[in-house]
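All chains, please: the whole structure from these sequences, using the hints.
These protein sequence lines map, in sequence, to chains A and B.
Mind the numbering: the first sequence is residues 1 to 298 in this note's numbering, read in order.
Mind the numbering: the second sequence is residues 1 to 298 in this note's numbering, read in order.
For the record, the hints were derived by calculation from the structure and aren't laboratory data.
It is possible that part of the hints are untrue.
[What the hints assert, rightly or not] Taking CB as the label site, the calculated pair distances span:
hint, chain 1, residue 1, chain 2, residue 2, range
1, A, E157, B, N168, 52 to 58 Å
2, B, R101, A, G158, 27 to 33 Å
3, A, G153, B, G53, 54 to 60 Å
4, A, S73, B, T134, 22 to 28 Å
5, A, V238, B, V238, 57 to 63 Å
6, A, E17, B, P257, 52 to 58 Å
7, A, E64, B, D104, 33 to 39 Å
8, A, K181, B, R83, 34 to 40 Å
9, A, R101, B, P43, 39 to 45 Å
10, A, P257, B, Q215, 39 to 45 Å
[Unchecked claim] Footprint (simulated), chain A over chain B, 3 or more residues, beta carbon under 8 Å:
hint, stretch
11, 110-124
12, 169-179
[What the hints assert, rightly or not] A few chain A residues that face chain B, going by a derived Cβ cut-off under 8 Å, partial list only:
hint, residue
13, Y124
14, V126
15, A131
16, G132
17, V179
18, W191
19, I202
A virtual CB, placed ideally from N, CA and C, is assigned to each residue, including glycine.
Protein chains: 2
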Amino acid sequence: MAKLIDGRKIAENIRNEVADEVRRLKDRGVNPHLSVVLVGDDPASKVYVRMKGKACQETGIGSETLIFPESLSQDELVRTIRRLNADPKINGILVQSPLPRHLDEHAVIELIDPIKDVDAFHPYNVGKLAAGFTDGYLPCTPVGVQELLLRSGYSPEGKHVVIVGRSNIVGKPLGLILVQKAKGANATVTWCHSRTRDLPEITRSADILVAAIGQAEFITREMVKPGAVVIDVGVNRVPDEASDKGYRIAGDVAFDPVSEIAEAITPVPGGVGPMTIAMLLRNTVLACRRQHGIEKGV
Amino acid sequence: MAKLIDGRKIAENIRNEVADEVRRLKDRGVNPHLSVVLVGDDPASKVYVRMKGKACQETGIGSETLIFPESLSQDELVRTIRRLNADPKINGILVQSPLPRHLDEHAVIELIDPIKDVDAFHPYNVGKLAAGFTDGYLPCTPVGVQELLLRSGYSPEGKHVVIVGRSNIVGKPLGLILVQKAKGANATVTWCHSRTRDLPEITRSADILVAAIGQAEFITREMVKPGAVVIDVGVNRVPDEASDKGYRIAGDVAFDPVSEIAEAITPVPGGVGPMTIAMLLRNTVLACRRQHGIEKGV
Numbered sequence: 001m002a003k004l005i006d007g008r009k010i011a012e013n014i015r016n017e018v019a020d021e022v023r024r025l026k027d028r029g030v031n032p033h034l035s036v037v038l039v040g041d042d043p044a045s046k047v048y049v050r051m052k053g054k055a056c057q058e059t060g061i062g063s064e065t066l067i068f069p070e071s072l073s074q075d076e077l078v079r080t081i082r083r084l085n086a087d088p089k090i091n092g093i094l095v096q097s098p099l100p101r102h103l104d105e106h107a108v109i110e111l112i113d114p115i116k117d118v119d120a121f122h123p124y125n126v127g128k129l130a131a132g133f134t135d136g137y138l139p140c141t142p143v144g145v146q147e148l149l150l151r152s153g154y155s156p157e158g159k160h161v162v163i164v165g166r167s168n169i170v171g172k173p174l175g176l177i178l179v180q181k182a183k184g185a186n187a188t189v190t191w192c193h194s195r196t197r198d199l200p201e202i203t204r205s206a207d208i209l210v211a212a213i214g215q216a217e218f219i220t221r222e223m224v225k226p227g228a229v230v231i232d233v234g235v236n237r238v239p240d241e242a243s244d245k246g247y248r249i250a251g252d253v254a255f256d257p258v259s260e261i262a263e264a265i266t267p268v269p270g271g272v273g274p275m276t277i278a279m280l281l282r283n284t285v286l287a288c289r290r291q292h293g294i295e296k297g298v
Numbered sequence: 001m002a003k004l005i006d007g008r009k010i011a012e013n014i015r016n017e018v019a020d021e022v023r024r025l026k027d028r029g030v031n032p033h034l035s036v037v038l039v040g041d042d043p044a045s046k047v048y049v050r051m052k053g054k055a056c057q058e059t060g061i062g063s064e065t066l067i068f069p070e071s072l073s074q075d076e077l078v079r080t081i082r083r084l085n086a087d088p089k090i091n092g093i094l095v096q097s098p099l100p101r102h103l104d105e106h107a108v109i110e111l112i113d114p115i116k117d118v119d120a121f122h123p124y125n126v127g128k129l130a131a132g133f134t135d136g137y138l139p140c141t142p143v144g145v146q147e148l149l150l151r152s153g154y155s156p157e158g159k160h161v162v163i164v165g166r167s168n169i170v171g172k173p174l175g176l177i178l179v180q181k182a183k184g185a186n187a188t189v190t191w192c193h194s195r196t197r198d199l200p201e202i203t204r205s206a207d208i209l210v211a212a213i214g215q216a217e218f219i220t221r222e223m224v225k226p227g228a229v230v231i232d233v234g235v236n237r238v239p240d241e242a243s244d245k246g247y248r249i250a251g252d253v254a255f256d257p258v259s260e261i262a263e264a265i266t267p268v269p270g271g272v273g274p275m276t277i278a279m280l281l282r283n284t285v286l287a288c289r290r291q292h293g294i295e296k297g298v
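Printed below as a string of structure tokens:
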């Protein structure tokens, strides 16, 4: 049976490290602060935003959530971002995705000052990542996957990492992070997706298989090489009459059969999920340090 | 024997298309213009810069080369870039790489106004490419490889493209271009490099194999699947006593043995090389159009 990679535990360790850093910064009179912008009533977005606020609080990071009605105009949103950019007390700005359809999300992301872009979705930070420069920010979920691998003893160095999914939030940036000529990276990286032919043949060549497709239990046992490390980024609702809610949460991997042959696997929930918020906290502290010109470890 | 992919011919077609566009723009009183900055005496750089100027001239694009001595200071270079950014007659700015060691090349590239960054090395444009947005520019050599494939009838859609090399100039951006959910892309992409284990096994899984390592004749027959399409981005000098110059130019692929089993192959020279300049011309005209708000085809 596969070893379980405990994302909750690893994320907790990182959050403790962040809390230590925050204490040291506060001793110098510096208070890291994250501003989260939420527009509309998407229930999942509300949950995520609440979790982010709570995580900030627990690690000593100041945070505020600016909540706007669905009817918010692009102009008002633009003015809000400009105000947050200009406020020296605010170190990180996060606009919760998705925005209502009448708003231009890309335009809004490009307005965020790259030094406050702790979600790392601004093209400038994406380009820094792609080029392997370390003076930008790394997006939270993919860098969380890298940390999860490193802290559970499965370094991607020299390994063949196959990523199923090419989204801008997970698949593409994860491939870019892991292919870099850098410690903790140096992987051979393959991206697969809906247009890939012979998908099982390619996924079976993976030493580390990452599923980020958004389809429940898409990765079956036949698609996994025995002994592979399997990282499941998916969070899907599956109808389940036995559950009070009427659904259960499933990953992109058929957990039970795959865990019989994998070397290690992340559960859903409790795998990649908790890492995303831990990395957001880390980015916020990094943003704060950069804005105050304070080196790490000081 | 493999079909030869004739980069000179395909590049010539593109240059003719560009020349047509330039004529139409000039009919409207709009004159595309490229400024090239050359610092120091690197012989290869001088040749490249001369070729770029000549190509501009032949397609009707205005161009100037600003030549500075090796001793140029960072401040002077910065002032030059700022002046070119501010000049509305200049549509494209290209700083020939490599710069002398005392100059900070990354800082200079980041100074170029992204809308004039026809080399597409500014992090903002790299990020646009990575995210699959089409309002940036695509770097000349990798998008030249894509054009070469499409115009010779070897669409990458659904194919497994293996790229050997992870440079910021070729390997990484090429993977990003070909993996996008877009017409002429949609490939399954694998990046290999110096840290890849079992390299021959992975290269043999390629439907399209791209060599961009910078090592003469590194890709041998044993590393290629019979029937694969082989794209050779390498330009290497190999000592050759039989030659007047004392060297010959070789690609990254062992041409003769590989061409016995490949479906198609690019020669060196005359394959990818001519495409790079053709794409630079195309980017310059695109930059001109964007700066004048003129749609394609008008």
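Outcome of the hint check:
no., hint, result
1, E157/A x N168/B: 52 to 58 Å, "violated, 20 Å"
2, R101/B x G158/A: 27 to 33 Å, "holds, 31 Å"
3, G153/A x G53/B: 54 to 60 Å, "holds, 55 Å"
4, S73/A x T134/B: 22 to 28 Å, "holds, 26 Å"
5, V238/A x V238/B: 57 to 63 Å, "holds, 59 Å"
6, E17/A x P257/B: 52 to 58 Å, "holds, 54 Å"
7, E64/A x D104/B: 33 to 39 Å, "holds, 37 Å"
8, K181/A x R83/B: 34 to 40 Å, "holds, 35 Å"
9, R101/A x P43/B: 39 to 45 Å, "violated, 56 Å"
10, P257/A x Q215/B: 39 to 45 Å, "holds, 43 Å"
11, 110-124, "holds (count 3)"
12, 169-179, "holds (count 5)"
13, Y124, "holds, 5 Å"
14, V126, "holds, 3 Å"
15, A131, "holds, 5 Å"
16, G132, "holds, 7 Å"
17, V179, "holds, 5 Å"
18, W191, "holds, 5 Å"
19, I202, "holds, 7 Å"
In summary, the numbered hints that this structure violates are 1 and 9.
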